[in-house]
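Now for the letters of each chain:
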Amino acid sequence: MDLKQYQDVWVFVECFQGQPKDVGFELLGQGRLLADALKQKLCAVVIGKDVDEGIKGATAYGADIIYVVQGNEYANYSSDAYGYAFLELCAKYHPNTILIGATANGRDLGSKLAICLKTGLTADCTALSVEEETGNVVWERPAFGGNLYARILCSETRPQMGTVRPGAFKKPEKSQNRQPVMIREDIHTKEEDILTKVIAFIKANDEAGVKLEEAEYIVSGGRGLKGPENFAMLQELADLLGGTVGASRASVDAGWIPQTKQVGQTGKTVSPKVYIACGISGAVQHLAGMTESDTIIAINKDATAPIFDVADYGIVGDVFEMVPAMIKEIRVSKDLN
Amino acid sequence: MNIVVCVKQVPDTTEIRIDPVKNTLIRQGVPSIMNPFDKNALEEALQLKEQYGGAVTVISMGPEQAKATLREALSMGADKAYLVTDRSFGGSDTYATSYILAKVIEKLGPFDVILGGKQAIDGDTGQTAPSIAEHLGIARLTHVLSIKIEGKKCIVEREIEEGVEIVEAKLPILCTATKETNKPRYATIKGKIDSLKAEIENITLADLPDMDVTKIGLKGSPTRVKSTFTPKRQSCCEMLEIINPRETARMLFGKLADAKIL
Ligand SMILES: Cc1cc2nc3c(=O)[nH]c(=O)nc-3n(C[C@H](O)[C@H](O)[C@H](O)COP(=O)(O)OP(=O)(O)OC[C@H]3O[C@@H](n4cnc5c(N)ncnc54)[C@H](O)[C@@H]3O)c2cc1C
Ligand SMILES: Nc1ncnc2c1ncn2[C@@H]1O[C@H](COP(=O)(O)O)[C@@H](O)[C@H]1O
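Respectively, the protein sequence lines represent chains H and W.
Our numbering puts the first residue of the first sequence at 4, with every later residue one more than the last.
Our numbering puts the first residue of the second sequence at 781, with every later residue one more than the last.
Treat the hints as calculated values from the structure; they're not laboratory data.
One thing to keep in mind: the hints can contain errors.
Unchecked claim - Lysine-lysine pairs mimicking BS3-like chemistry, simulated, CA-CA at most 30 Å apart: (1) W:Lys1012 / H:Lys304; (2) H:Lys193 / W:Lys1012; (3) W:Lys995 / H:Lys52; (4) W:Lys950 / H:Lys52; (5) H:Lys42 / H:Lys7; (6) H:Lys214 / W:Lys928; (7) W:Lys1035 / H:Lys206; (8) W:Lys995 / W:Lys860.
Isolated chain H (complex conformation) (with noise of 0.2 Å):
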């Protein structure tokens, strides 16, 4: 295989129903440092029925060429016309390397490309960078539930492909008047190759209030918050702050709070500007979804907790007595008392 021929970072921009998932954005931003670094390309891959908007937010967000694959198949992710799809774009171009995101279908496109490409695929890395002799990308991703890290290398072969959890990078500031090239490729999956069928859709029922990805604000709950009733009052404080509610898995698992707002390793990755961990312990998994915030509150009534490790400001205290003190000072400095 000569690696040489094989140029350009490729990202899948994810569309559900037309609408472009941020987590395409945001391994935009990513891709931009590797292209950067070799030297190469930034490229948009949209696939779907409707491509407008994920054309709008690759454009935006920074993709030097976009690749566009449009069909009625592909109304709804498929493995088999999606796959399709993407390998023909590879087999044509030749792309270095590939950022997806680790969504339910973004997993399973990444599976089917690297074994139909006989290539490597790291899953749900959290750093990424290019090794600057080789000009190999190096995937850093947790392991044993984050109590252990990996750096990975996918030597011999190209693409090299890697899968980001959502969350895990911020979006890219978006830039204007930007004209990349745009490439459409009349490419068509035959019915009879589509093994799976999208007969009907329930929809989740939407979150109230500001998502828990998209937060700016997170105050999150724990074991410590003692029951349902409790989690009130960081309501009460997220809504202050304009953010919303998180919770570590324990509080889930009791039942106090939807599975929606769990937050690490089988919830959510977030990077909020502030995280306000109350009554949570830190357990690997649970940091393995909340590290990247840029500012990280605790408040633990035991000082030895290893959320003070990851803690930017930490408070040994009763979350009982801190969280309502916390409301009370912002409603005074806000003159809402």
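The hints should help you fit chain W with the ligands onto chain H, whose structure is shown.
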């Protein structure tokens, strides 16, 4: 209904600790368990068998000690178990692992339904199961909530971020299970006793003559671990003095304001 379930033995990651002096993973004494999501996969298989008849086979690739996990699967109600083990399989990444498991499934099959977990809690990639489907060239649906069989096809509920898709697919199909799929049953005492006597056959490289040996083990793995490290968590946490809650809160917000955070 012929069903196969891929189960992996994993260290209980909640029990892993870091040696504070050497900064390495302490694995001694860490219990090995059946990957939690694979238990959901097995439960789904057992329910399919109860509903449609047939047999449930479990396979696991790993060292001899992974037989404990296979025995657990038998005690829950699986009919047959195989350990996939060979020195040449060591060091396999998801590409190589999925290839080996696909070859084993071809040998033991044909199967109508292949089940695996959403991800393994040690490696955490979630790639192995869908990759098996790709090697086999069959349909796959990840993160399923339920499976209904109708003749030569199935209707599957699949969870994605936006909601639940109802998907129709041809058999054979590979599905992955999550915590939301079902609640795994407990083994019965009789099941436990029977599983102790059960024969668990080994499947080695010699049993898989059409295997392309360039695709297995460390040499067949496109990805390589360059280095590992334990996250450095040297605390730079500023501890706030507790005078009284209001005073501490005021101090906190003062600091946040000074640092232009709030
Ligand atoms: C495969 C796997 C995946 C997992 N994924 C996740 C995940 O995604 N997210 C996640 O969060 N966890 C996850 N976990 C679980 C994780 O290991 C921990 O069990 C969990 O995070 C603990 O939640 P907690 O901190 O709320 O509870 P605990 O660990 O019980 O901590 C409660 C804390 O509250 C403090 N406290 C008690 N009362 C008060 C009070 N009045 N005021 C102040 N502090 C108080 C205590 O000192 C303690 O530190 C996972 C585990 C496994 C095995
Ligand atoms: N060594 C193995 N033996 C059997 N099944 C495995 C093995 N590794 C992975 N699997 C299956 O693939 C799923 C996903 O694993 P992973 O890709 O490692 O996260 C697991 O839940 C298992 O069902």
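(Q) Let me make sure I understand: some of the numbered hints might not hold for this structure. Which ones are they, in numerical order? (A) Of the numbered hints, 2, 3, 6, 7 do not hold.
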